[in-house]
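Colleague: Position chain E relative to chain A; hints supplied.
2 protein chains.
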Amino acid sequence: MLLNKPVKGFLLDITGVLYNTSNNGGVAIEGSIEAVQRLYKESKVVFISNESSNTRQHLFDKLTKLGFQLNKNDIYTPIPVAIDIMKKNHLRPYLLVHKDCLDDFNDLDTTNPNCVLMGDAENDFTFKKMNEAFKILLNNKNSKLFTMGNGKFYQREDGPCLDVGAFGAALKYSTNCEHEVIGKPNESYFMAAVDKLKLKKEEVVMIGDDIVSDVGGAQKIGIRGLSVRTGKWRPEWENHPDVRPDFIGNNLKEIVDIILDYNHKC
Amino acid sequence: MLLNKPVKGFLLDITGVLYNTSNNGGVAIEGSIEAVQRLYKESKVVFISNESSNTRQHLFDKLTKLGFQLNKNDIYTPIPVAIDIMKKNHLRPYLLVHKDCLDDFNDLDTTNPNCVLMGDAENDFTFKKMNEAFKILLNNKNSKLFTMGNGKFYQREDGPCLDVGAFGAALKYSTNCEHEVIGKPNESYFMAAVDKLKLKKEEVVMIGDDIVSDVGGAQKIGIRGLSVRTGKWRPEWENHPDVRPDFIGNNLKEIVDIILDYNHKC
Numbered sequence: 001m002l003l004n005k006p007v008k009g010f011l012l013d014i015t016g017v018l019y020n021t022s023n024n025g026g027v028a029i030e031g032s033i034e035a036v037q038r039l040y041k042e043s044k045v046v047f048i049s050n051e052s053s054n055t056r057q058h059l060f061d062k063l064t065k066l067g068f069q070l071n072k073n074d075i076y077t078p079i080p081v082a083i084d085i086m087k088k089n090h091l092r093p094y095l096l097v098h099k100d101c102l103d104d105f106n107d108l109d110t111t112n113p114n115c116v117l118m119g120d121a122e123n124d125f126t127f128k129k130m131n132e133a134f135k136i137l138l139n140n141k142n143s144k145l146f147t148m149g150n151g152k153f154y155q156r157e158d159g160p161c162l163d164v165g166a167f168g169a170a171l172k173y174s175t176n177c178e179h180e181v182i183g184k185p186n187e188s189y190f191m192a193a194v195d196k197l198k199l200k201k202e203e204v205v206m207i208g209d210d211i212v213s214d215v216g217g218a219q220k221i222g223i224r225g226l227s228v229r230t231g232k233w234r235p236e237w238e239n240h241p242d243v244r245p246d247f248i249g250n251n252l253k254e255i256v257d258i259i260l261d262y263n264h265k266c
Numbered sequence: 001m002l003l004n005k006p007v008k009g010f011l012l013d014i015t016g017v018l019y020n021t022s023n024n025g026g027v028a029i030e031g032s033i034e035a036v037q038r039l040y041k042e043s044k045v046v047f048i049s050n051e052s053s054n055t056r057q058h059l060f061d062k063l064t065k066l067g068f069q070l071n072k073n074d075i076y077t078p079i080p081v082a083i084d085i086m087k088k089n090h091l092r093p094y095l096l097v098h099k100d101c102l103d104d105f106n107d108l109d110t111t112n113p114n115c116v117l118m119g120d121a122e123n124d125f126t127f128k129k130m131n132e133a134f135k136i137l138l139n140n141k142n143s144k145l146f147t148m149g150n151g152k153f154y155q156r157e158d159g160p161c162l163d164v165g166a167f168g169a170a171l172k173y174s175t176n177c178e179h180e181v182i183g184k185p186n187e188s189y190f191m192a193a194v195d196k197l198k199l200k201k202e203e204v205v206m207i208g209d210d211i212v213s214d215v216g217g218a219q220k221i222g223i224r225g226l227s228v229r230t231g232k233w234r235p236e237w238e239n240h241p242d243v244r245p246d247f248i249g250n251n252l253k254e255i256v257d258i259i260l261d262y263n264h265k266c
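Quick note, the sequences are listed as chains A and E, same order. End of the first sequence = 266 in full-length UniProt numbering, gap-free, step of one. End of the second sequence = 266 in full-length UniProt numbering, gap-free, step of one.
Some hints here could point you the wrong way.
Remember, identical chains collapse to one label, so a pair may be satisfied in a single copy or spanning two.
Claimed, not checked - SDA-like cross-link-like pairs, simulated, lysine to any residue; straight-line CA separation at most 20 Å:
id	residue 1	residue 2
1	Lys44	Asn176
2	Lys141	Arg234
3	Lys172	Phe127
4	Lys87	Ile248
5	Lys72	Tyr40
No lab work stands behind these hints: they were computed from the structure. Note that the structure is a prediction, hence the values are computed from the model and not measured.
Here chain A stands alone, though its shape is the one from the complex:
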C-alpha cells in the first residue's frame, strides 16, 4: 500500500516527529537528525507543523540548536497564514496566542475585535482570557473562531499536554460559533506544502504523530499518511476506529530508511 507508487517527496510534521517539547527547549527524537540529513541528500522534504507557540524563526533556531540541518524556508507554520487571512478579510482578531509569538501579530488591527484567533497559548489559557474571547464570540453576530491547528493534545517531555483544539471546543460549546482551522488538516494548508515540493500529491507522503490531523487529514485529500510511534502516539491507535495509516514505523528514521532504501533498489 505504501510503496505501490513511488515516493518522490516528504511532508514531515515537526513536534513529536523531529523532537519532543519540554520547558527547556526540547529533545531530539533518536535518529531524526540523521533522517532529515538523508532526506535533504536523497529526496525532497518540507516541514509542515501546526506549531503556534513558536514563530517560524524560533522553531528554526530551536531545531538548529538541537542539531538539525534544514532550511528555514522549508518550514510551514500557521502563523503567517493566519496573518494573511486576517488582513485579506479585514478582520480584527482578539489574540489568544502564546506570549512568545505576540510580536508576530504586531501589524494586525486588534482594536474592537470582530473575531478570535487562537493558538497554543499554554499558560495564557487563563479563565480571564477565555472569557474575553467568549464574550466577543457571543456578542458579535457572525464572529468566527479561528484556531491555528485543532489538535486534541501533543507530547511534551513531561507527558501529554492539552492542545489548542480543546480550548476551541470550550468556546464552541458555549457560543455555537463558526470555526475555521488554520493548519492541518485543512486541505489548502497541505497543498501549499505539496506545491512547494513541485510534486503531485500522489508522489508524496505525510509523516506525523497525530493520527487525525496528520495521517487522516493527508489521506482525506489523497496524500499517503504514515504514522510514527513517537511523540503523542498511543498504542490504541494501532486499531484506530477512523484512521488506518498507510504505514506505521517506530520512528522517522525507520520510515525514511525503508522508503529511501527501496527507492535505490528500484
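Modeller: For chain E alone, coordinates are given in the frame of chain A:
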C-alpha cells in the same frame, strides 16, 4: 398551556433568577425578594441550583444578606450529591473545583485519582489544572468526567461568563471520556426536588434563566418549564431552535404574581 393544570409548587433556579453574581456578593434581581416571600406564604417552593462555586451554606448566607428569607434546607446544590456519588462508587476524584468549596470535599479520598470532578472553578481553570485533569482521563481507561452542572455560561454583573460545561467540553474533545452531569438537566436531580415538595411533577413548574438546563431539562421529564428574561436570558431565545418555554415572563415576580393571582381566582 401554562395554566391548564394547577400549579401547586415551584422549583426555582437561583443564579439569574433570584440574583446576579458579581465579585462582591451579587445583586438581587428586582422583585425577587418579594416573589420568594409570596411563594413561602401562598404556595410551596424549593430552590434548585447548579451552583458549584458556593457551598449551600455560602449560598444561603449570601441570599440572606441580599434580603431573601428562605430555609437553608430548601436549597439544592450539586456538591452534596457529588460527594454521595463519589463515596457510593468508591471514586477518588481529581478535584477541579472553586477554592471556596474545597473544604466541602475533605472527606473524600483524592489520592491516586481515578476520575475527575469538576465544578465552576472560575480562576482555578488554569492551564496547569486543566492538564492535570486531562492526564487522568487520558491515562486511566474507563475514568469518567463528572461535572456539577453543564452550563454553557451564566450571567455575572460584569457580563456573561463561561460556565463549567465549556471546560468539560474541552476535556471531552481531547480524551473522548465518558461524562456524567451532576445537577440539572439530570432527571434524578430534578425529581429529588419535586419529591421534597411532596407533589407530582405535573403539579409543579420550574422557573429558570437557562433555556437548555432549566427549561428544556424540566420539560423533557414532564415538568412545565418557564423562562425569565433576567440573568443570562438572551433575546434570540424567544425563538430558540430546540426549546419553547411554557411561559416567558420578564422576571420572577411577574411569573409568580400571574400564577398565584390566577390560583386565587379559581
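Colleague: If the cut is 20 Å between Cα atoms, do Lys141 and Arg234 qualify within a copy, between copies, both or neither?
Modeller: between (40 Å within a copy, 13 Å between copies)
Colleague: What label fits Lys172 with Phe127 when the C-alpha limit is 20 Å: within, between, both, or neither?
Modeller: Intra 15 Å, inter 18 Å, cutoff 20 Å: intra and inter.
Colleague: Are the CA atoms of Lys87 and Ile248 at most 20 Å apart within a copy, between copies, both, or neither?
Modeller: Neither: 40 Å inside a copy, 43 Å across copies.
Colleague: Can you tell me if Lys44 and Asn176 fall within 20 Å by alpha carbon in one copy, between copies, both or neither?
Modeller: neither (42 Å within a copy, 37 Å between copies)
Colleague: State whether the alpha carbon distance between Lys72 and Tyr40 is at most 20 Å within one copy, between copies, both, or neither.
Modeller: For Lys72 and Tyr40, the Cα distance is within 20 Å only inside one copy (13 Å; across copies 72 Å).
Comparing the model with each earlier hint shows violations of hints 1, 4; every other hint is respected.
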